[in-house]
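Novice: Based on the sequences and whatever the hints tell you, model everything.
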Amino acid sequence: MNWSELLSAPLAFKMLAAAAVVFAIGAVALKNVFHCALSLAAMFFALSGVFVLLDADFLAVVQILVYVGAIVVLMIFAIVLTERITSASVRQTNYLVIPGVLLCIALLAGLVSVIRASSWPSLESGPQQDTIKIIGRQLLSTHVEAFEVASVLLLAALVGAVFLGKEITRK
Amino acid sequence: MFLDYLYAAGFAIAGFIFLLLALWVGALVQPKDPSGRKLTTYECGEIPVGQPWSQFNIRFYVFALSFVIFDIETIFLVPWAVVFKDVGVVGYVEMAVFVSVLLLGLAYAWRKGALKWAL
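So the protein lines, in turn, are chains A and B. Following numbering that gives the first Met the number 0, the numbering of the first sequence begins with 0 at its first residue and continues without gaps. Following numbering that gives the first Met the number 0, the numbering of the second sequence begins with 0 at its first residue and continues without gaps.
Mixed in with the good hints there might be a few duds.
[To be verified] No more than 27 angstroms apart at the CA atoms, straight line, and that leaves these computed lysine-lysine pairs for BS3-like: (1) A/Lys165 <-> B/Lys115; (2) A/Lys165 <-> B/Lys111; (3) A/Lys132 <-> B/Lys84.
Just so you know, the hints here were simulated from the structure itself, not pulled from any lab data.
Specialist: Laid out in structure tokens, this is it:
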């Protein structure tokens, strides 16, 4: 990948990517914590649009269904469950801002070097038609172990949620 | 594929236009007389009690967490359901194992009384 390829990316992609970055900044920088959650939801919508442009239609739907429909709702639940946090504007200053920025720059440099070093095989046949069928077959044949392990992971999360609920209600 | 996206975009745009149209027509015909009780918060005709931001019951959070987990299970069910006829018995058994592991979690939640709305 080189910079000229980045410049020739479709305008829609650039706009969605820019929107995702702006909303992501909003999610960490806005004063009202409820607005932060809404900004995060908008960021996930923009990201879903990016997935659509990359011909990952199933992933785009999952992005909206799980991240906007469940994760952000969970965050909003956490906000409304917390006493007197919604109306108060939170001070968005962080004493670890300098190490944080340094860490982010290091991460970005690492990612860029990996992205530029690796060769990206391009699909000869063009976009696939029935991505969901391909995903379904791969999930049940090639990636069946990962698929079954995912159920154990979800089980662990469910047991954790139940345990957390018991602890909270006991207090 | 492009037509499918156009179809989905059509729904999104039509929904947005429907919303704007409803608000616009409402603004055209409604009488505007903001006074007295009309300025209070609408709570299905009841007189509003307390602050608009009240602390919700913490029980909601456990249900929301369980919802996220079963939401993700649904995501796995959809591609399996699409190829159900092709993958045959093997795919059926694989999904049965997946669902039964999660059922174990549901049984645990039930056994521990997490599904009860105890205050």
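Novice: Confirm or reject each hint.
Specialist: Hint-by-hint comparison with the structure:
no. : hint                  : verdict
1   : A/Lys165 <-> B/Lys115 : holds, 11 angstroms
2   : A/Lys165 <-> B/Lys111 : holds, 8 angstroms
3   : A/Lys132 <-> B/Lys84  : holds, 11 angstroms
Violated hints for the displayed structure: none, as all numbered hints are satisfied.
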